[in-house]
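Number of protein chains: 2
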Amino acid sequence: MNTRIGILGYGNLGRGVECAVRQNDDMELVAVFTRRDPATVSILTETAVVCHVADIADWKDKIDVLILCGGSATDLPEQTPEYVKYFNVIDSFDTHARIPEHFANVDAVAKETSHVGIISVGWDPGMFSLNRLYANAILPEGNDYTFWGKGVSQGHSDAIRRINGVKNAKQYTIPVESALEAVRSGSNPEFTTREKHTRECFVVLEEGADATKVEEEIKTMPNYFADYDTTVHFISEEELLKNHSGIPHGGLVLRSGVTGWDKENKHLIEYSLKLDSNPEFTSSVLIAYARAAHRLSKEGQSGCKTVFDIAPAYLSSKSGDELRASML
Amino acid sequence: MNTRIGILGYGNLGRGVECAVRQNDDMELVAVFTRRDPATVSILTETAVVCHVADIADWKDKIDVLILCGGSATDLPEQTPEYVKYFNVIDSFDTHARIPEHFANVDAVAKETSHVGIISVGWDPGMFSLNRLYANAILPEGNDYTFWGKGVSQGHSDAIRRINGVKNAKQYTIPVESALEAVRSGSNPEFTTREKHTRECFVVLEEGADATKVEEEIKTMPNYFADYDTTVHFISEEELLKNHSGIPHGGLVLRSGVTGWDKENKHLIEYSLKLDSNPEFTSSVLIAYARAAHRLSKEGQSGCKTVFDIAPAYLSSKSGDELRASML
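Residue numbers (the working numbering), protein chains in the order written: chain A, 572 to 899; chain B, 572 to 899.
Be aware that one or more of the hints could be misleading.
Stated by the list, open to error - Simulated crosslink set (BS3-like; lysine-lysine; CA at most 30 Å straight-line):
no.	chain 1	residue 1	chain 2	residue 2
1	B	K834	A	K889
2	B	K682	B	K631
3	B	K813	A	K834
4	B	K784	B	K738
Think of the hints as simulated: they come from the structure by calculation, not from any bench.
Chain A extracted, bound-state conformation (with noise of 0.2 Å):
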């Protein structure tokens, strides 16, 4: 039987997890849930329907999972609880710092009403949380290392097109070659900010505007940049969106560690995402982990869980044998 799913939020987001659905050949796209008026959203599937979010209830028995496509500022706080109680739901939920108190929230209400509430999928939170697990479960005594990039960030990019004088703006992160090579060298090295990342910034000013003076704004930004070697670039429009429309994104999760009786050997396991597009690459985790979220309700567990939780076999559309057999 086929998983429907359903969708809250019709963003980047949103739209990624309606192209993942198509690629997998036992899922379905029921509904897609919006806080706008329906009649202005138009989806892709032709077989699936826009309803506005206040009706959402209403769905409680024609969807087995609910994708929440929202933000993780104000958006999933309120969300994740509120649908766990209708739905199995999985969030890409990801300020890191809140993940224990979104868990308890996200728990309580989920053992009540005995569903199923993955929280915290994607690629971090996510796979690269799965991937320091697994190294430090393997390699009890090393450093652990994440890059990001090279990669569009959005809250950067958001940062920079609040300055006055700043029509558009592209913010790049980009790891540091060397920092690279000195970790997977095994000299296990200690970073600053700096050392870790550089950021390149595309920024067409509004007619008038100072360069200099946006620059040094860029540059000198508290949290954002100040932190680090930043790289101004001001382009037309025309360029921005020609060449720095996409949203790609990426990074890596080192872990460096040692064996041996006197740990006299040397292990590096390295994991690495390079991504044309950080939502729909998103989108195709959450896809894979409502299979998950389907298959766990039916065996009749219920509460929060994170990727931590999942054996890897639920989220493969294949059987245990057919698993062993090929990818074993």
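Dock chain B against chain A, hints included.
Just chain B now, with coordinates in the frame of chain A:
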């Protein structure tokens, strides 16, 4: 409570497990079992004892997990179903084609005797298999690539040593860098055997042996070398011992896939290992799964399992709360 570990077989892998136990505070090595005269086997752990394998059943209640460190060709197909009668067991069975049969044999006995048996644990099968599964679940449309090396192939080194006139030899399997780059470019190449790996051999000749004849015999050896570009270096025994006595290995698992309504976005997932000691890294994976086996057994689970069936959190000595706060 600590996990009390037993080791069956004290070769490179058994010694690696002994070292890995020492790196994990919640593990304790209790006994090493051997087919040799126990008086002739000296181990590193002062608090553990060496026993003859004939007495192993006496340890039924004193060991939580027995780690089977024999070979896949003849030892494990017999040992794993036999010892899962008495213990939770872990093995590193790596004959990929025979895994389904081995799984069924172990599963039947493990269920009957209420033990957990986790088979085919290590890095391939093992961590590489996990990465194939995760990457396939996330990117259902794409191509898989596995490269091995740079590292020592024990089987190929043995094959060279069996040639007349060869005193000693070490063989390295090396991924072809241009093939790797083609995969990383997203071009989804198809490779012949020759295009993916080269083989480099370091050979010590017996006195008076014919180097040209030996080289010819290596390069044309069916299955082992004939399908590869092979380089043969003749060196002295001193040089072999000095520069080639380690057992490094490693490799890469990549998946190159597409997402988007029209499959317009490319993604690359890459996992790589660089290991100074193949047996010590494998042992470190075995110990992490021993922790999982002990926990699953305490929960009342039984039967044969693989890395696909184990939720990642079971591998870590940290609690769910700690993992969510520190690694998610």
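*Failing hints, ascending?*
none
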